[in-house]
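Fit chain B to the supplied structure of chain A, relying on the hints for placement.
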Amino acid sequence: MLTYLVRRLAYVVVVWLGVSLLAFGLGRLAPGDPARDVLARTTGRQPTEREVVAERHRLGLDRPLPVQYMSWLGGAVRGDLGTSYTTGEPVGQAIARTLPATLQLAGSAFVLAVAIGLPLGLLAAAYAWRWPDHLIRALALFGASIPAFWLGYLLILAFAVTVQLFPAFGPGGPSHLVLPAFTLAVFDLAMLARLTRAALLETLGEDYIRTARAKGISERRTLIRHALRSSLIPLLTWTAMSFGFLFGYSVVVESVFAWPGLGYATVLAVQARDYPFLQAFVLLMGTLFALLNLGVDLTYTWVDPRLRFGRLRTAGG
Amino acid sequence: MDRPEEAASSLAPTADGTATMPFKRAPVVRGPVRGALRRLLRDRSALVGLGTLVLLVVAAVFAPALAPYSPTEPHYEDALRGPGRDYLLGTDGLGRDELSRLLFGARISLASVTMAAAAITLLGVTIGLLSGYYGGILDGAIQRVIDVLLAVPSLVLALAIAGMLGPSIRSVLIGVVAVQWVSYARLVRGMVLSARSQPYVESSIALGARSRRVMFNDILPNVVPPVVVLATLEMGGLLLSISSLSFLGLGAQPPTPEWGTMLNQARPFFQSHPYLMIVPGVAITLTVLAFNLLGDGLRDALDPRAGRLVTRVRADRPPRRRPRQPGGLPARRAG
Numbered sequence: 003m004l005t006y007l008v009r010r011l012a013y014v015v016v017v018w019l020g021v022s023l024l025a026f027g028l029g030r031l032a033p034g035d036p037a038r039d040v041l042a043r044t045t046g047r048q049p050t051e052r053e054v055v056a057e058r059h060r061l062g063l064d065r066p067l068p069v070q071y072m073s074w075l076g077g078a079v080r081g082d083l084g085t086s087y088t089t090g091e092p093v094g095q096a097i098a099r100t101l102p103a104t105l106q107l108a109g110s111a112f113v114l115a116v117a118i119g120l121p122l123g124l125l126a127a128a129y130a131w132r133w134p135d136h137l138i139r140a141l142a143l144f145g146a147s148i149p150a151f152w153l154g155y156l157l158i159l160a161f162a163v164t165v166q167l168f169p170a171f172g173p174g175g176p177s178h179l180v181l182p183a184f185t186l187a188v189f190d191l192a193m194l195a196r197l198t199r200a201a202l203l204e205t206l207g208e209d210y211i212r213t214a215r216a217k218g219i220s221e222r223r224t225l226i227r228h229a230l231r232s233s234l235i236p237l238l239t240w241t242a243m244s245f246g247f248l249f250g251y252s253v254v255v256e257s258v259f260a261w262p263g264l265g266y267a268t269v270l271a272v273q274a275r276d277y278p279f280l281q282a283f284v285l286l287m288g289t290l291f292a293l294l295n296l297g298v299d300l301t302y303t304w305v306d307p308r309l310r311f312g313r314l315r316t317a318g319g
Numbered sequence: 006m007d008r009p010e011e012a013a014s015s016l017a018p019t020a021d022g023t024a025t026m027p028f029k030r031a032p033v034v035r036g037p038v039r040g041a042l043r044r045l046l047r048d049r050s051a052l053v054g055l056g057t058l059v060l061l062v063v064a065a066v067f068a069p070a071l072a073p074y075s076p077t078e079p080h081y082e083d084a085l086r087g088p089g090r091d092y093l094l095g096t097d098g099l100g101r102d103e104l105s106r107l108l109f110g111a112r113i114s115l116a117s118v119t120m121a122a123a124a125i126t127l128l129g130v131t132i133g134l135l136s137g138y139y140g141g142i143l144d145g146a147i148q149r150v151i152d153v154l155l156a157v158p159s160l161v162l163a164l165a166i167a168g169m170l171g172p173s174i175r176s177v178l179i180g181v182v183a184v185q186w187v188s189y190a191r192l193v194r195g196m197v198l199s200a201r202s203q204p205y206v207e208s209s210i211a212l213g214a215r216s217r218r219v220m221f222n223d224i225l226p227n228v229v230p231p232v233v234v235l236a237t238l239e240m241g242g243l244l245l246s247i248s249s250l251s252f253l254g255l256g257a258q259p260p261t262p263e264w265g266t267m268l269n270q271a272r273p274f275f276q277s278h279p280y281l282m283i284v285p286g287v288a289i290t291l292t293v294l295a296f297n298l299l300g301d302g303l304r305d306a307l308d309p310r311a312g313r314l315v316t317r318v319r320a321d322r323p324p325r326r327r328p329r330q331p332g333g334l335p336a337r338r339a340g
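Residue numbers (the working numbering), protein chains in the order written: chain A, 3 to 319; chain B, 6 to 340.
Isolated chain A (complex conformation) (with noise of 0.2 Å):
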């Protein structure tokens, strides 16, 4: 278990470490010169040579690549991820500004995928090839093709603007959360639906539950008692997948209802070219998701221990 646990961690470190020569990489994959675009922006004219010059002094720009990554990376190891082009706050700070709000958003819509989607699942499994497992694959497939930003502004024309139910912009009390939140979820809920009927299925088929069955169980004890619980272990994949879903669709949502979060800065940064704070945000999720894996896997292992012994395995995140 120790050797797993180092290799696992090793593993990670790699990983990680590659995720910030991406996310230093995709600064300089920007076409033109950011000292002169920061220059153009903060002063409003076409800045002189001379003073590109300088701005690219200023910002580091003009060391040698390798050793403008090690300072970065650098940096970024104590908390320093560098200083917005735009706004000149430090980048970290904006991030600890934002993140909550994501977090909240994010998290709110997890409970929500599972507090819907798994009892839906559980029901369309229980009724297979019955018209509620047709009503609820109709709707899971619906709410899997729904462009989450389309379906935000629906929701807000029919519950903010039509019946004035609940606010349709901006943050505030739990009643503010509830659109956001639903729209986020939607997706992620249309998935676990799917995953879990057919996780569910896939177990009612084997000989453990037709024993249970054959010992005279309830149909619903079977079901749940038995069938459900080791249709858990796939979900497991699902739930670091599901966080990469909201954190990558919290960008759009956040756009929707101007939630001050983390994606609604990322929107904001990209229209900018804010190339710190782009490096920071994908340097920032990369070790969230990095982590996020690591706990993943090691809950697989805790499980089912034969994977102790078995090939490394990553849960896509």
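Hints may contain errors.
Which stretches of chain A does chain B cover? Using the computed rule of at least three CB atoms under 8 Å from a CB of chain B, they are [said to hold, decoys possible]:
#	segment
1	87-101
2	181-188
3	247-259
Pairwise CB distance ranges (calculated) [said to hold, decoys possible]:
#	chain 1	residue 1	chain 2	residue 2	range
4	B	GLU207	A	SER73	32 to 40 Å
5	A	ASP209	B	ALA123	23 to 31 Å
6	B	GLU207	A	GLU208	33 to 41 Å
7	B	TYR205	A	ALA98	54 to 62 Å
8	B	LEU198	A	GLY46	54 to 62 Å
9	B	GLY195	A	ARG227	33 to 41 Å
10	B	PRO73	A	LEU19	55 to 63 Å
11	A	ALA12	B	GLU207	31 to 39 Å
12	A	ASP209	B	ARG43	28 to 36 Å
13	B	ASN222	A	GLY207	37 to 45 Å
14	A	TYR129	B	LEU198	34 to 42 Å
15	A	GLY46	B	GLN276	46 to 54 Å
16	B	SER208	A	ASP64	55 to 63 Å
Bear in mind the hints are in silico, worked out from the structure with no lab data behind them. Beta carbons: idealized from backbone N, C-alpha and C, even for Gly.
Here is chain B on its own, set in the frame of chain A:
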């Protein structure tokens, strides 16, 4: 379930006597494919998806003939007209005909999603093939790159890449392709690894075939069909990613009539003129739904295992309709 002669032909692919030659292509088994096709054609919801897609392609191809107006020419005096006789689906903030924009938008959306899927498949198959066949350092390096790309949620990474490259439909496609090829490469690598130990590959190697020959003539034909199917399954999700990035203003720039871009431009009017938001949204949802319906049907048709499974589950209540696989979207990547 297959007719007997089909079963026979799948057992004896050497009917024409050529497939016994070791250097011929790997035997292509017809039976299962034809059976799958028949199952697909019997699946009503898959047919609905296919039909919708065919209609969309027709609309896209004949957009210049079908569209009543130019998709980009403004009619300022008719701006923000609701749906009516002159403009069936109304006009946008600049008085451009919404229906014409929708029809021309189908071209861009379908073309971009097809191009992205093709590029992803090509890249994934090539890299997966090299990685799986040669193994060693090359494989290790490629796998680490894939690990890194999988570590960041795909939409987030695609957004960052497209954002760095500057807004255009090209950047969005590059962003999406750069992120999505990895799962294909991983899948292909796995298939190549298992194919390497198959007798037809081993015999080919034993007979002295060069690696290129083994890779392209023996392994590739067996790898491509499942990957193409997977690519079809995922085109709906791909369209969602592309239009999400367009909606954020990173994709096709105005006045190009792209559906996601149209939605982005409708944002200021969404309370006063909701039809501007509803029209392109319905178009995106319908297209994604059609792709997903077809994809689900395709997967069911290719997995006959599903039939057995379900009869075992509900032996007391045999399904009236032909049982479908307990479906779920493929375990798609995050974001």
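Here's how the hints hold up against the structure:
1. 87-101: violated (count 0)
2. 181-188: violated (count 0)
3. 247-259: holds (count 7)
4. GLU207(B) - SER73(A): 32 to 40 Å: Cβ of GLU207(B) to Cβ of SER73(A): about 52 Å, so the range 32 to 40 Å is violated.
5. ASP209(A) - ALA123(B): 23 to 31 Å: violated (44 Å)
6. GLU207(B) - GLU208(A): 33 to 41 Å: The hinted range 33 to 41 Å holds for GLU207(B) and GLU208(A), with Cβ atoms some 35 Å apart.
7. TYR205(B) - ALA98(A): 54 to 62 Å: holds (58 Å)
8. LEU198(B) - GLY46(A): 54 to 62 Å: Given a distance of about 58 Å, which is inside 54 to 62 Å, the answer is holds.
9. GLY195(B) - ARG227(A): 33 to 41 Å: holds (35 Å)
10. PRO73(B) - LEU19(A): 55 to 63 Å: About 57 Å separates the Cβ atoms of PRO73(B) and LEU19(A), which means 55 to 63 Å holds.
11. ALA12(A) - GLU207(B): 31 to 39 Å: For ALA12(A) and GLU207(B) the Cβ distance comes to about 35 Å; the hint holds.
12. ASP209(A) - ARG43(B): 28 to 36 Å: Holds, since ASP209(A) and ARG43(B) (Cβ atoms, about 32 Å apart) stay within the stated range.
13. ASN222(B) - GLY207(A): 37 to 45 Å: holds (39 Å)
14. TYR129(A) - LEU198(B): 34 to 42 Å: At roughly 40 Å between Cβ atoms, LEU198(B) and TYR129(A) fall inside 34 to 42 Å, so the hint holds.
15. GLY46(A) - GLN276(B): 46 to 54 Å: Given range 46 to 54 Å: violated, Cβ gap about 34 Å.
16. SER208(B) - ASP64(A): 55 to 63 Å: With Cβ atoms ~60 Å apart, the hint holds.
In the structure shown, a violation is registered for the earlier hints numbered 1, 2, 4, 5 and 15, in ascending order.
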